[in-house]
Amino acid sequence: MSASTEALRAEGIVKTFGHVTALDGVSMHVARGEMLGILGDNGAGKSTLMKILTGYHRPTSGQMFVNGAPVSLGSVDHARTFGIECVYQDLALVNGLSIYHNLFLNREILRPGPFRLLDHRAMRRHAEAALADIGVNIPSVDLEVGALSGGQRQAIAVARAVASNARILLLDEPLAAMGAREAGLIIGLIERLKARGDIAIVMIAHNYAQTLEICDRVMLMQHGEVTFESRAAETSPTELLEIVRREYRAARVG
Amino acid sequence: MAAEKTAAAGGPAQAGPRSGLFGRLHDFLLRPEASVIVVAVILVIYFQFTNVNFLTNANLETLSQFIAAPVIIACGEIMLLICREIDLSVGQVFALAPFVMERAYDIGLPVVPAIVAALLVCALIGYVIGLITIRLSVPSFITTLGMLFLITGVTLTISRGFPANTPGGKLLTNIMGNWGYAEMVWALGIVVVMHIVLRHTRWGLHTIATGGNVVAAAESGIDCDRIRMGNFILTSTLGGFAGLLEAFRIGSTDPLAGGSNIMFLGVASGVIGGTAIAGGTGTIIGGLVGGIVLGVLQDGFTLQGINAFTFDIIIGAAILLAMVANIHLARLRGAGQG
Ligand SMILES: Nc1ncnc2c1ncn2[C@@H]1O[C@H](COP(=O)(O)OP(=O)(O)OP(=O)(O)O)[C@@H](O)[C@H]1O
Ligand SMILES: [Mg+2]
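Quick note, the sequences are listed as chains W and D, same order. Start counting the first sequence at 1; every next residue gets the next number (this note's numbering). Start counting the second sequence at 1; every next residue gets the next number (this note's numbering).
Pulled out of the complex, with its shape left as it was, chain D reads as follows:
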């Protein structure tokens, strides 16, 4: 027995941390985020060399504001994708939340409770999505497609189609997004928390198990419905929070803010970052870097004066490329470990 164990430990299939510079590099390249991190670095270098304004404070601020909301949304969508669900309506919750806050403020609530009220309404929307999806067995793609239209209607109704100004004093407004990097600081904080939740808590592990093999998870005693429900609530709440930050940054809210565009940016950030649409695996850090890549592309090409149509073509191609790279790197990973 002892002889077998030594042989196995010395064998080529051994996994786990390697030592030395090349060993570390090898380990890094096998991580699902690796390809997108490499791409992000190359893009930043490229835009810095072709445009002197790229790494300036003013531009970094603009960049951070473009990146923040999709990254926050990606944190929720990644959890949902991992447990084989998706939320297409999160961009509409993004637009609704500031109006709920403003209406709550109008009827006499102070600003902070009004913010909390808005977030509670978002959580409730997530709960309803979860109920319909889980109890009535409607695929979340369909549930949230319906919610997408429904919430747009609600937002247009309570806003009567007009933008509204955000309430609150200067300090709160700054903290909630008006200071240049506030949104990005929030986004980074959420990324750190969600990374820990995914990698270092039972919730994260059970989310992966639910998406990886729902029967096995249930046989192990995991309440998969509870996991999915929680992640629906999380995603809607994060979407609403991102919408609030955006409203405070701009100082007013447009009923047509966010929408499907911001939802797709969030999902694309996650997928470019290495989260599988098929569920069972995903990375929050990858989602952050995916969001950075999309932001850098958008911002860099804007600085270079490339027009919006070309930009869409480039983004589309970039997403396709990232997917292909991810699938093939995943195969390499499998080979490296098997």
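Next up, chain W with everything else stripped away, as it sits in the complex:
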């Protein structure tokens, strides 16, 4: 976990939407085998930061580095060439499509031959394997995603990011809609990935205690800025809550 294994770094990221400044000079970094937790109020800019890291949004200013080299991500596909995969907060699922089509959306398996036809059968097979891997209860990969429960949908989104060989895995509240058992499964899955040592993971969450438990390092974001950063072992939910309250008051007064 030394600086030489750094997978992703962002420096001075600013993002404005019209008059709204969603990110006001945010810097972050994460190393291979490390898991960074991002905590913070609603509207703090956490998801916006994620979407910049995935190439979905272009930053207004600031610089990103992948494996130490400066990059300017032009699109989601471009970010994916660096192994950046994301479970978006809205899950990025298309309700009218089957589970297996969603799992392979924009990374479809094609049949050999000049016509580049979809290989539905291979996608079904891989989808079944990927879901069995996670162990989340889903009756059939033929079901439309719209027919699934919130937690099942979240499991599909996680399975998609994990099955795509992510080297930098971004998770935007991946446990929000999950039952206790399923959350346990996903956490187990994340910990297995972490144990492999070659994947960098960034997770946004709202549960302080849980985040401190599974992450190596945590970062607090408020009103578009990073207000606190610490190794998980060196802080506590009480301290984090204290800082959030203080910063919130300071922002109100200032």
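Since no wrong hints were added, every one of them can be taken at face value.
Examples of chain W residues toward chain D, derived with CB under 7 Å: (1) Tyr56; (2) Ala92; (3) Glu108.
Source of the hints: derived by calculation from the structure; they are not laboratory data. C-beta: ideal position from N, C-alpha, C; glycine also.
The hints should help you fit chain D with the ligands onto chain W, whose structure is shown.
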């Protein structure tokens, strides 16, 4: 874990292909095209029993000529409807294309290049519609409403308001629509290709994703603007091609051919066939059968001597009925799978 999986697999919510005659029938009835296929079969049987001339070669030829153009247009409109767009001007492109071909022929191009030139102009119109809709964020309903008037004006200008004769030798003219079933053969070929595009290519899947959830599609890295642009170009080009076929069949072109009437027939074919106006789902096969239903109704009632006014009432009612049936069958489908 294993126990859970077995329980889930044996549970009532299981989907996927069923076996046995009733299982297959059940699967078929859950398809979005199912209701319109049933309706088409009933109509054909009804008209055959009430009119001996219905299933004769001469009448089938007439029928096929009525069906072909709306079906070709439906193939484009269905792709657009799936990605939440529409093209109201395709009927005007239908009328313009033959004149572009004739003018190109007049200035010295051989017939085939003249046809290609006409199709390129149609594609360009689709591109312009796409640019205005996507870059300037104008709803395509408005963009193409404007284009509808604009293209009518252009067609009337370059035709000076007069019909023109189609160029070309006998073989080409026959292939391009003059032989009785030529138009229908083209239409069926386009249906097959577009069905494959929609169900078995990334383009089709991404079109469905764009219409189903544009944010999700973009977050997955799909270039939704490119998908929409491509489908605008496709629809205009197909509209122009249908217009060319019609011109070659008749041997001359009327500047007021096609128009909004043929556009509405195309859209109605798609919608009757099970394509949702709200986007995200659609079927090309359904569009074909929808076109057949409209054609059979028109032709059958004409044979029975029902007058044009009554006919419009019946068509209108049929479209409403088909929509209601589709919405309710979709709900049944949802219940059957959920
Ligand atoms: N596409 C957009 N257009 C305009 N404003 C946006 C857009 N996306 C985000 N914002 C604004 O940026 C700010 C940060 O939003 P963001 O979604 O990043 O917050 P968040 O930290 O993820 O919050 P939450 O915990 O509620 O998910 C908000 O004020 C939001 O309104
Ligand atoms: Mg968020």
